[in-house]
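Mind docking chains B and C on chain A? Use the hints.
Residue numbers (our numbering), protein chains in the order written: chain A, 35 to 349; chain B, 2 to 255; chain C, 471 to 775.
Honestly, the hints are just simulated from the structure, not real lab data.
Every residue gets a Cβ at the ideal spot worked out from N, C-alpha and C, and that includes glycine.
One should not assume that every hint holds.
Taking beta-carbon pairs under 10 Å as the criterion, some of the chain A residues facing chain B (in silico) [as the list claims (entries may be wrong)]:
| id | residue |
| --- | --- |
| 1 | Leu212 |
| 2 | Ile216 |
| 3 | Val224 |
| 4 | Gln226 |
| 5 | Gln233 |
| 6 | Gln236 |
| 7 | Val248 |
| 8 | Ile252 |
| 9 | Gly335 |
With beta-carbon atoms standing in for the labels, derived distance ranges [claimed, not checked]:
| id | chain 1 | residue 1 | chain 2 | residue 2 | range |
| --- | --- | --- | --- | --- | --- |
| 10 | A | Trp214 | B | Ala186 | 41 to 47 Å |
| 11 | A | Phe270 | C | Ser594 | 44 to 50 Å |
| 12 | A | Gly52 | C | Ile654 | 51 to 57 Å |
| 13 | A | Gly52 | B | Gly140 | 41 to 47 Å |
| 14 | B | Leu57 | C | Met631 | 33 to 39 Å |
| 15 | B | Arg121 | A | Leu55 | 32 to 38 Å |
| 16 | B | Val30 | A | Gly335 | 53 to 59 Å |
| 17 | C | Ile654 | A | Ser43 | 47 to 53 Å |
Listed next, the stretches of chain B that the computed footprint assigns to chain A, with coverage defined by at least 3 CB atoms under 8 Å from CB atoms of chain A [said to hold, decoys possible]:
| id | stretch |
| --- | --- |
| 18 | 92–106 |
| 19 | 176–183 |
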Amino acid sequence: MTAQLNARSIVVALVVAGLALLPLYSSISGNVFVLTLFTRIVIFALAAVSLNLIMGYGGMMSFGHAAYLGIGGYAVGILAFEGIGSGFIQWPVALAASALFALVIGALSLRTRGVYFIMITLAFAQMAYYVASGLARYGGDDGLTIYKRSDFAGLVNLSSRVQFYYVCLGCLFAGIYLVWRIVNSRFGLVVQGVRSNEQRMQAIGFHANRYRLVCFVIAGTMCGLAGALLATNTDFVSPSIMYWTRSGDLMVMVILGGMGSLFGPVIGTIVFLVLEESLSQITEFWALIMGPLLLLIVLFGHGGIDGWLGRLRRG
Amino acid sequence: MADALLSVKNLCRRFGGIVATDDLSLDVVRGELHAIIGPNGAGKTTLISQLTGQLLPNTGTIHFADQDVTRLPAYRRSALGLARSFQITSLLKDFSAIDNVALAAQAHDGHSFRFWGKARAEPHLRKAAMAALERVGLGQRADTVVSELSHGEQRELELAVALAAKPQMLVLDEPMAGLGVTESARMVKLLQELQREVTIVLVEHDMDAVFALADRITVLVYGRVIACDVPAAIRQNAEVRRAYLGDQQVATHG
Amino acid sequence: MLLVVEQLLNGLQFGLLLFLLAAGLTLVFGIMDFVNLAHGSLYMMGAYFASTFAAWTGSFIVGVVLALGATLLLGVVLEFVALRHLYGRDHLDQVLATFGLILFFNDAVRLIWGPAGLSLPLPSWLTVPVQIVPGVFYPSYRLAIIVVSLAVAAMLYLVVMRTRIGMLIRAGASNREMIGALGINIKLLFTLVFGLGAALAGLAGLMQAPILTVQIGMGENILILAFVIIVIGGIGSIRGAFLAAIFVGMIDTLGRAYAPDLLRHILSPTAASTAAPALSSMLIYLLMAIVLVVRPEGLFPASKR
Numbered sequence: 035m036t037a038q039l040n041a042r043s044i045v046v047a048l049v050v051a052g053l054a055l056l057p058l059y060s061s062i063s064g065n066v067f068v069l070t071l072f073t074r075i076v077i078f079a080l081a082a083v084s085l086n087l088i089m090g091y092g093g094m095m096s097f098g099h100a101a102y103l104g105i106g107g108y109a110v111g112i113l114a115f116e117g118i119g120s121g122f123i124q125w126p127v128a129l130a131a132s133a134l135f136a137l138v139i140g141a142l143s144l145r146t147r148g149v150y151f152i153m154i155t156l157a158f159a160q161m162a163y164y165v166a167s168g169l170a171r172y173g174g175d176d177g178l179t180i181y182k183r184s185d186f187a188g189l190v191n192l193s194s195r196v197q198f199y200y201v202c203l204g205c206l207f208a209g210i211y212l213v214w215r216i217v218n219s220r221f222g223l224v225v226q227g228v229r230s231n232e233q234r235m236q237a238i239g240f241h242a243n244r245y246r247l248v249c250f251v252i253a254g255t256m257c258g259l260a261g262a263l264l265a266t267n268t269d270f271v272s273p274s275i276m277y278w279t280r281s282g283d284l285m286v287m288v289i290l291g292g293m294g295s296l297f298g299p300v301i302g303t304i305v306f307l308v309l310e311e312s313l314s315q316i317t318e319f320w321a322l323i324m325g326p327l328l329l330l331i332v333l334f335g336h337g338g339i340d341g342w343l344g345r346l347r348r349g
Numbered sequence: 002m003a004d005a006l007l008s009v010k011n012l013c014r015r016f017g018g019i020v021a022t023d024d025l026s027l028d029v030v031r032g033e034l035h036a037i038i039g040p041n042g043a044g045k046t047t048l049i050s051q052l053t054g055q056l057l058p059n060t061g062t063i064h065f066a067d068q069d070v071t072r073l074p075a076y077r078r079s080a081l082g083l084a085r086s087f088q089i090t091s092l093l094k095d096f097s098a099i100d101n102v103a104l105a106a107q108a109h110d111g112h113s114f115r116f117w118g119k120a121r122a123e124p125h126l127r128k129a130a131m132a133a134l135e136r137v138g139l140g141q142r143a144d145t146v147v148s149e150l151s152h153g154e155q156r157e158l159e160l161a162v163a164l165a166a167k168p169q170m171l172v173l174d175e176p177m178a179g180l181g182v183t184e185s186a187r188m189v190k191l192l193q194e195l196q197r198e199v200t201i202v203l204v205e206h207d208m209d210a211v212f213a214l215a216d217r218i219t220v221l222v223y224g225r226v227i228a229c230d231v232p233a234a235i236r237q238n239a240e241v242r243r244a245y246l247g248d249q250q251v252a253t254h255g
Numbered sequence: 471m472l473l474v475v476e477q478l479l480n481g482l483q484f485g486l487l488l489f490l491l492a493a494g495l496t497l498v499f500g501i502m503d504f505v506n507l508a509h510g511s512l513y514m515m516g517a518y519f520a521s522t523f524a525a526w527t528g529s530f531i532v533g534v535v536l537a538l539g540a541t542l543l544l545g546v547v548l549e550f551v552a553l554r555h556l557y558g559r560d561h562l563d564q565v566l567a568t569f570g571l572i573l574f575f576n577d578a579v580r581l582i583w584g585p586a587g588l589s590l591p592l593p594s595w596l597t598v599p600v601q602i603v604p605g606v607f608y609p610s611y612r613l614a615i616i617v618v619s620l621a622v623a624a625m626l627y628l629v630v631m632r633t634r635i636g637m638l639i640r641a642g643a644s645n646r647e648m649i650g651a652l653g654i655n656i657k658l659l660f661t662l663v664f665g666l667g668a669a670l671a672g673l674a675g676l677m678q679a680p681i682l683t684v685q686i687g688m689g690e691n692i693l694i695l696a697f698v699i700i701v702i703g704g705i706g707s708i709r710g711a712f713l714a715a716i717f718v719g720m721i722d723t724l725g726r727a728y729a730p731d732l733l734r735h736i737l738s739p740t741a742a743s744t745a746a747p748a749l750s751s752m753l754i755y756l757l758m759a760i761v762l763v764v765r766p767e768g769l770f771p772a773s774k775r
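This is chain A alone, in the form it adopts within the complex:
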């Protein structure tokens, strides 16, 4: 990644700097709200980064990615409820549960293509939603409150807003770095090749679905981490986080930012959530504007914001 002075890298640099310095701004200005807002944004950005891995690079249009937010969240919530408060147990369980779910769902779903794949991933996420709402012990539809945040034995205090923000930001940057390395690795090239021309990749000698599945599992695990963070952030988890419209939101964040670019999902998430937040301040009917906006973006926006920034250089 050579450093170039163009619109895209300037924006990325600004975003990274802005995110890193946000707590400073928050404490100076006394604006706590912006810190909680951006904690949420950073967590969703991690989820979007994971979805971009399978959508943008892998060509797998999954409409059930929000399921992992729920699985990660419920892992933390259920363990906390049952008296296991150590983060060293909760978070690995969240990751493992997400990986397992992704493995099973992926193995079944990847037998299909195109719109069938979209539908089956949607259906499996809905199944997860229904399972969660059917668990009376853990609150069912009402959700589960988490009374005590994950305990990391003094390593970090998640109850501190600032510390928790940096944990989330650290996870986000780690996630982006991981995706960067994966995408340029042997594995990543195969996955992108399979997206580009599956027949050719099979003819060369690659078992396409095996690579897709592994990619799917990695993305699901990463999103499970986001789920654990999200549940911690709100001290609460409910089935609604897995409702299919949430998966739609995630897809929008990825597409808006520009699929198949490293920082696209981050920018897309920021724009989407900030827009949602500011529109809802203006009017309670923000979806009235957001909806058609989405439609217009799909109709006229090629390659999302990242694509637009890339074109700025030449334009």
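For chains B and C alone, kept in the frame of chain A given last:
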């Protein structure tokens, strides 16, 4: 047949009511360039697809290097040394030429479940890829994205990709489709060189090229083999002339 | 015993309702290759229009007829203004664009009608129970739904199988490029098909209004079921949608009816009543997953692509 690298026996493939491959048997000897010709609709590409695994036959067997590959999926046949080029160019359009070839080399260089190291920086893969590119004359175009290559260059790249796997047998499906005169001549020369190193099964319409290159020719009509012999004999074969060559004089290239 | 008959009829009725919704969806998908998530919104609008017009005119029947017309018109306008630009685009683009429409419709309804739902009261002649078999009584309205749905299904079958337009529709479902080459006015055909789909969705929405619900977001839940049905039945296939819809309707209804009792044997009452609806919903998704794994093109695929 004694030294048959590829042995096809009684192959049958139907699509609904249409019999695309009709009780087809043929052998390809190690080291030969075996051409397959026939009018449009004769089932040449269907046959090729069954050889390389994109399509599975209804009945019959295919043996490659003494192994039964009839039902083997495409990606497994590549590992056995069977490489293919496609009639309709099938490349990774958003990757560069060298990336396309390097991936083919990568497939035969251990496993690809490596998530960390930069694949484009692996010297032996890059070297192998450049070697294949230079072989087909695309050395200068290594870093060009496939979508920006000319049609002729893409056909040459198809060949390079097939070569990168260092195959025992090359199955080429109309490599000269859409090529101009100079490009065709270059391709013929290239195939003549390759002929000495690897067994080739060549499907082609360009009769000049076929008669110049082939050690043996199999003629396919409506999915059946109507003749399989050396070029000189095929040229004289009355049935073949009737079905395919017609009355046109076929120019000879010695 | 009587309860089983009643539940079976309920299952049939729900299945037929689902069929109406799924038929429109599968037609639009099969012919225009268009994934329309906003189909659920048209279902919702059918219910809202019916409630409003019935209240204005004081007549259930007039309200229903007006609502049907309004939904048809809405569908046509939507297609003409926005959706036709998405034909031929990636399915993902279509999913996202129509997803945006869902958000828009939900808020538009909230703006116009407020957040609380509406109701559609039945006229007295539709509330009397009917004796279908000696000793077995069934609500006349539910019977009406069954009759109307079957009639619409029969009409749909006749149109698709026996008329010229139907022939074009079937041809389009199996080979889209061909009908264009035949010189038919594709745009008009597409608009008609979309309008038909919208009317079917609206009909389903308004028919279930008196017995189920008229509220914001009602389209989303049932839309997924409709997608499950067309995936199971095979995209583009009306016959597949019919069979799959009946099947799914039965499973859902019978599941909801009997699961709580079954579960009460192994779980506590609260746990059972929370888990029961979840279980019957899950069964359907499980079924879809099985079909997709075993026969990815659906049970009765329309096209041999």
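Now for the hints, and whether the structure bears them out:
1. Leu212: Since chain B brings a Cβ to about 8 Å from A/Leu212, closer than 10 Å, the hint holds.
2. Ile216: holds, 5 Å
3. Val224: holds, 5 Å
4. Gln226: Interface hint status for A/Gln226: holds (8 Å vs cutoff 10 Å).
5. Gln233: holds, 6 Å
6. Gln236: Holds. Min distance 4 Å.
7. Val248: holds, 7 Å
8. Ile252: holds, 8 Å
9. Gly335: violated, 19 Å
10. A/Trp214 to B/Ala186: 41 to 47 Å: holds, 46 Å
11. A/Phe270 to C/Ser594: 44 to 50 Å: holds, 48 Å
12. A/Gly52 to C/Ile654: 51 to 57 Å: The hint (51 to 57 Å, Cβ to Cβ) holds, given that A/Gly52 and C/Ile654 are roughly 55 Å apart.
13. A/Gly52 to B/Gly140: 41 to 47 Å: holds, 46 Å
14. B/Leu57 to C/Met631: 33 to 39 Å: holds, 35 Å
15. B/Arg121 to A/Leu55: 32 to 38 Å: The hint (32 to 38 Å, Cβ to Cβ) holds, given that B/Arg121 and A/Leu55 are roughly 34 Å apart.
16. B/Val30 to A/Gly335: 53 to 59 Å: Because 58 Å falls inside the window, the suggested range holds.
17. C/Ile654 to A/Ser43: 47 to 53 Å: holds, 51 Å
18. 92–106: holds (count 8)
19. 176–183: Not satisfied, violated; 0 residues make the cut.
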